[in-house]
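Please take these sequences and the hints and turn them into a complete structure.
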Amino acid sequence: MTNDQPVISLHDVNKVFENGTIALENLNLTVNRSEFISFVGPSGCGKSTLLRIIAGLSNVSSGTLDWYDLSDRQNLAFVFQEPALMPWSTVRDNVKLPLRLAKIPQKEAEKTVDRTLQLVGLENFKRAYPRQLSGGMKMRVSIARALSTNPTMLLLDEPFGALDDITRNKLNDDLLELWSQQRWTVLFVTHNIYEAVYLSTRVIIMAARPGRAIADIKIDVPSPRTEEFRRSFVYSEYCQQVADALSKAMSS
Amino acid sequence: MGTNKTRANFGWQRWLTIDTIAPIAVGLLVLTVWEVSVRVTNTPAYILPTPSLILTTLIRDWGILFPALFTTIKITIAAFMTAVFSGLLISVLMAQSKWIEKSLYPYAIVLQTTPIAAIAPLIIIWLRNNTFAALVLCAWIVALFPIISNTTFGLNSIDANLRDLFRLYGASRWQTLLYLRLPSALPYFLSGLRISGGLALIGAVVAEFVAGTGGANSGIAYQMLIAGYNLQIPRMFAALVMITGLGILIFVALSALSDAILGDWHESSVKRD
Numbered sequence: 001m002t003n004d005q006p007v008i009s010l011h012d013v014n015k016v017f018e019n020g021t022i023a024l025e026n027l028n029l030t031v032n033r034s035e036f037i038s039f040v041g042p043s044g045c046g047k048s049t050l051l052r053i054i055a056g057l058s059n060v061s062s063g064t065l066d067w068y069d070l071s072d073r074q075n076l077a078f079v080f081q082e083p084a085l086m087p088w089s090t091v092r093d094n095v096k097l098p099l100r101l102a103k104i105p106q107k108e109a110e111k112t113v114d115r116t117l118q119l120v121g122l123e124n125f126k127r128a129y130p131r132q133l134s135g136g137m138k139m140r141v142s143i144a145r146a147l148s149t150n151p152t153m154l155l156l157d158e159p160f161g162a163l164d165d166i167t168r169n170k171l172n173d174d175l176l177e178l179w180s181q182q183r184w185t186v187l188f189v190t191h192n193i194y195e196a197v198y199l200s201t202r203v204i205i206m207a208a209r210p211g212r213a214i215a216d217i218k219i220d221v222p223s224p225r226t227e228e229f230r231r232s233f234v235y236s237e238y239c240q241q242v243a244d245a246l247s248k249a250m251s252s
Numbered sequence: 253m254g255t256n257k258t259r260a261n262f263g264w265q266r267w268l269t270i271d272t273i274a275p276i277a278v279g280l281l282v283l284t285v286w287e288v289s290v291r292v293t294n295t296p297a298y299i300l301p302t303p304s305l306i307l308t309t310l311i312r313d314w315g316i317l318f319p320a321l322f323t324t325i326k327i328t329i330a331a332f333m334t335a336v337f338s339g340l341l342i343s344v345l346m347a348q349s350k351w352i353e354k355s356l357y358p359y360a361i362v363l364q365t366t367p368i369a370a371i372a373p374l375i376i377i378w379l380r381n382n383t384f385a386a387l388v389l390c391a392w393i394v395a396l397f398p399i400i401s402n403t404t405f406g407l408n409s410i411d412a413n414l415r416d417l418f419r420l421y422g423a424s425r426w427q428t429l430l431y432l433r434l435p436s437a438l439p440y441f442l443s444g445l446r447i448s449g450g451l452a453l454i455g456a457v458v459a460e461f462v463a464g465t466g467g468a469n470s471g472i473a474y475q476m477l478i479a480g481y482n483l484q485i486p487r488m489f490a491a492l493v494m495i496t497g498l499g500i501l502i503f504v505a506l507s508a509l510s511d512a513i514l515g516d517w518h519e520s521s522v523k524r525d
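Same order as they appear, the protein sequences are chains A and B.
Read in the working numbering, the first sequence has 20 at position 20, and its numbers run on one by one without any break.
One rule links them: number in the working numbering = place in the second sequence (from 1) + 252.
Read the hints as simulated data drawn from the structure, not as lab findings.
Note that beta-carbon positions come from the ideal geometry of N, C-alpha and C, so glycine has one too.
Incorrect hints may appear among the rest.
What the hints assert, rightly or not - Covered by chain B, according to a simulated footprint, are these stretches of chain A (three or more residues, beta-carbon under 8 Å):
1) 20-30
2) 93-105
3) 218-229
Claimed, not checked - Among the chain A residues that face chain B by a calculated CB cut under 10 Å, a handful are:
4) Ala77
5) Phe78
6) Arg131
7) Ser134
To be verified - Beyond 12 Å from chain A on every Cβ pair, some chain B residues (computed):
8) Gly279
9) Ala330
10) Leu438
11) Phe461
Written as structure tokens, this is what we have:
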């Protein structure tokens with residue numbers, strides 16, 4: 001499924017905050033192209049910090065972060081925990097923002113926006129303002145905005161954490177389907193074991209204080225993954241495996 | 253949106269709510285008690301005129317009072333406009349660096365805490381050849397601070413995720429100002445406008461009082477002073493009613509402007525059923 005072509009590798013990455021908290025300790029990680037990696041762990045394990053470091057929003061205290069192809073770094077998109085939409089702009093203008101900042105010509109930008117809104121199923125809400133949308137729809141807008149630049153790498157920081165299970169499952173399926181078409185490299189932070197196993201090709205379990213990776217589990221199930229997979233024995237086996245690793249992480 | 257449509261179906265009846273009936277009832281009650289007690293106690297008009305006398309005076313003296321009020325309106329508008337543009341400019345400048353903000357902001361506070369009645373005489377002496385400019389300057393000093401403090405606060409109140417997003421997409425300083433900071437500051441700026449509008453009027457009236465009878469361009473406060481000297485107390489009250497009315501008008505107009513601009517997006521203008 002993955003041809004193990006590395007995109008980024010981190011060597012002995014440490015991150016210490018100004019107040020002395022060790023957010024990450026000696027983290028080593030190689031991310032391969034088209035992998036869907038989930039990071040699961042208790043709060044304070046540094047999973048969000050790791051994503052911010054990879055996105056360039058935060059620096060490492062020591063260690064190195066290497067990109068194999070700089071175009072991945074430039075074609076990176078980030079989806080935050082909150083939808084982070086501009087309340088004064090319509091759905092269309094929110095999705096258009098990255099294109100506007102990159103000074104893409106108006107006509108081309110409009111086309112891209114229409115296409116991305118169609119991908120997330122919001123083509124009829126172009127003129128709506130964020131406050132008129134439900135939580136799930138706001139998240140879809142946020143995802144559409146991330147997709148508007150046609151990224152090769154997608155970083156998602158607990159994007160569905162605030163949503164109910166039904167909405168979350170629907171968005172998981174949609175995300176998975178898009179991923180199987182576009183084959184981005186995805187780094188996904190979550191608290192939810194079931195979500196992590198369902199979506200990922202690899203689940204990394206992290207422990208807190210200091211934040212570190214303690215297990216790396218490959219989910220060797222080919223796509224497309226469907227409702228059937230969710231009900232299968234293999235799925236519950238994997239969930240058990242991740243849960244065991246996680247309880248070890250919590251007790252350590 | 254939807255709520256507006258259902259509201260419109262009720263037509264004029266939507267004005268018949270507790271919001272309008274209650275204050276009008278209180279107002280009428282106070283005016284009636286005032287009218288009756290003045291008449292019963294035979295209080296002379298030079299101590300306290302009746303509301304009805306104030307109203308007839310207002311109509312009779314309209315020809316004298318309105319041109320004076322118009323002068324005050326001109327001063328107020330000139331001071332308010334200057335305050336809006338200079339305040340906005342200063343705020344944006346301060347938003348450019350912590351250094352500029354830290355160096356300028358204390359002086360904005362100094363300007364705010366200095367009593368206008370105390371410095372107005374100085375300003376009027378310095379600008380004795382141009383009373384209009386002196387009065388505008390006084391009113392500007394009073395009206396400026398709410399614009400600066402509100403806009404600066406707004407420019408600094410940016411959603412942390414949106415700030416990260418702009419950084420991630422390599423937004424320039426100019427793009428961040430234009431697409432993120434100014435829109436974020438807009439609700440704060442507009443609420444600053446509402447405060448500043450009323451203060452511009454107060455500043456203008458106070459400055460006119462200080463300028464006194466020497467003022468060549470005599471505003472409404474000058475008419476109040478003259479009326480006071482001549483014991484034309486009903487005319488003083490009539491002038492006061494005009495100033496208050498103007499103040500309310502300014503507030504309502506700026507509130508309407510704020511609602512029109514924030515319209516669809518801001519929580520403050522969202523109506524819940």
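Structure-based check of all given hints:
1. Taking a C-beta to C-beta cut-off of 8 Å, the segment 20-30 of chain A contributes 0 residues in contact with chain B, too few for the three needed, and the coverage statement is violated.
2. Against chain B, the segment 93-105 of chain A contributes 5 residues with a C-beta closer than 8 Å to a partner C-beta. That satisfies the three-residue criterion, and the hint holds.
3. For the segment 218-229 of chain A, the stated coverage by chain B is not satisfied: 0 residues place a CB nearer than 8 Å to a CB of that chain, which falls below the threshold of 3.
4. Residue-level restraint check for Ala77(A) holds (minimum Cβ-Cβ distance to chain B is 8 Å; threshold 10 Å).
5. The beta carbon of Phe78(A) comes within 6 Å of a beta carbon in chain B, closer than 10 Å, and the hint placing it at the interface holds.
6. With a cut of 10 Å, the hint placing Arg131(A) at the interface with chain B holds, because the nearest CB-to-CB distance is about 6 Å.
7. With 10 Å as the threshold, the beta carbon of Ser134(A) stays out of range of chain B, its nearest partner Cβ sitting at about 15 Å, so the hint is violated.
8. Remark: the non-interface label on Gly279(B) is consistent with the geometry, its nearest Cβ contact in chain A lying 36 Å away (cut-off 12 Å).
9. With 12 Å as the threshold on Cβ separation, the claim that Ala330(B) sits away from chain A holds: the shortest Cβ distance comes to roughly 30 Å.
10. The claim that Leu438(B) lies off the interface is violated: its Cβ sits roughly 7 Å from the closest Cβ of chain A, which falls inside the 12 Å cut-off.
11. Distance check for Phe461(B) against chain A: the nearest CB is about 42 Å away, which clears 12 Å, and the non-interface claim stands.
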